[in-house]
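A.B. asks: Build the full structure now, drawing on both the sequences and the hints.
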Amino acid sequence: MRYPLFGLCLFGALLTGGLAFAHHGWGSYDAARLVSMTSAVQQVQWENPHVTLVVSHESKNWDAVLAPPFRMSARGLQPEMIRPGTSVTLEGYPSTRADAEMRAERIIVGGKTYELR
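Residue numbers (numbering that gives the first Met the number 0): 0 to 116.
Heads up, a few of these hints could be off.
Label pairs and their calculated CB-CB ranges [said to hold, decoys possible]:
(1) 58 x 88: 14 to 22 Å
(2) 110 x 24: 14 to 22 Å
(3) 43 x 73: 23 to 31 Å
(4) 43 x 110: 15 to 23 Å
(5) 79 x 31: 19 to 27 Å
(6) 96 x 75: 16 to 24 Å
(7) 33 x 70: 19 to 27 Å
(8) 86 x 26: 27 to 35 Å
(9) 51 x 95: 34 to 42 Å
(10) 30 x 79: 30 to 38 Å
(11) 88 x 29: 14 to 22 Å
(12) 109 x 27: 28 to 36 Å
Simulated from the structure, these hints should not be mistaken for lab results. Think of the CB as a built atom: it goes at the ideal place given N, C-alpha and C, for glycine as much as any other residue.
C.D. replies: Structure follows, in structure tokens:
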């Protein structure tokens, strides 16, 4: 390549742009409508970019998007505290694009409330 620095900069710009595109905003959740549900956890994915739970509520399986793992840990939540079968209360905003999906603002586990944002 004639201009190795140009190629390196182009590669970096494309990589950074792709990562920024991969992360989403919260505009697709209805912040005017707070919902609350108590249920046993069906599934847990404790991984980046966000911890996700599946809970059954009113005959639907809801996908709940929580905070990133590092923030969950900083708030005092550890993976062993939220396992399938654990009863949780979720409070958050429903998606405007997907049925039965929410952005959780707080979670109550074992009688203790954890703020996620």
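A.B. asks: Failing hints, ascending?
C.D. replies: Violated: hints 2, 3, 5, 6, 9.
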